[in-house]
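Undergrad: Sequence:
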Amino acid sequence: MNTRTVLILGAGGLGREVFWWAKEAGLDPVGFIDDNPAALGDRTGYAPIVGGVEDAPLACPVLCAIGQNAVRRVCVERLVARGARFATLIHPQAKVLHATLGTGAVLAPFAYVGADARAGDFLFMQTGAVLGHDVVAGDFLRMDTTAFVGGYAVLGDGVTLHTGAQVMPGKRVGDQCTLGAGAVLLANLHPSSTVFGVPAQKV
1 MNTRTVLILG
11 AGGLGREVFW
21 WAKEAGLDPV
31 GFIDDNPAAL
41 GDRTGYAPIV
51 GGVEDAPLAC
61 PVLCAIGQNA
71 VRRVCVERLV
81 ARGARFATLI
91 HPQAKVLHAT
101 LGTGAVLAPF
111 AYVGADARAG
121 DFLFMQTGAV
131 LGHDVVAGDF
141 LRMDTTAFVG
151 GYAVLGDGVT
161 LHTGAQVMPG
171 KRVGDQCTLG
181 AGAVLLANLH
191 PSSTVFGVPA
201 QKV
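Read in order, the letters of the sequence shown are residues 1 to 203 in UniProt numbering.
Take these hints with a grain of salt, some might be off.
[What the hints assert, rightly or not] The calculated BS3-like cross-link candidates involving lysine-lysine, where the alpha carbons are at most 25 Å apart (straight line), are:
1) Lys23 with Lys95
2) Lys95 with Lys171
3) Lys202 with Lys171
FYI, nobody ran anything at the bench for these hints, they're computed from the structure.
Using the sequences provided together with the hints, build the complete structure.
TA: Written out as structure tokens, the structure reads:
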């Protein structure tokens, strides 16, 4: 297959967006991997669903387009166990400044990664998300639209920042934390915490 050919893991709304981002980035998405063979419904203009996580052919690299972090990790691990290779997608309208990204990153239009930031594997940044300079982030960081992480912040594995959530510069966020939409984190956050509000409070 062409070296620009990819599969997309997940055929829901996010997967369909990634399909078009991939095309705009010069990739050739030839199929979706989804355990629901009817996930695309009657929509047209998309590549077909070629199989589920356990049986889809893996002849080309995969882009991960599952939003929910726990599900995303499980599906990625199952595909890795089958020998899958994962691709990185940086949309031509995204900006990455002398930063280090792990395997499987997906950056939407107008996502921004600042100078000397370091992110682990399977970073997912939606439109307008900002990962500031010198940030250190673990694997499976999900940043929804306009989420913001200030410079020198440190984030663990599996962190989710929903739409408009903000982590102030230099703060530390533990593994598996979730910031609700619009939350503004002004203090360090222990692992497995969920916070909402301004300032962000645990629930």
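Undergrad: Work down the list of hints and note, for each, if the structure agrees.
TA: For each hint, the structure was consulted:
Among the hinted pairs, Lys23 with Lys95 is consistent with the structure: their alpha-carbon atoms are about 18 Å apart, no more than 25 Å. Taking the CA atoms of Lys95 and Lys171, the gap is near 23 Å; set against the 25 Å cutoff, the hint holds. The hinted pair formed by Lys202 and Lys171 meets the criterion: a straight-line CA distance of about 16 Å does not exceed 25 Å.
Of the numbered hints given earlier, the model fails none.
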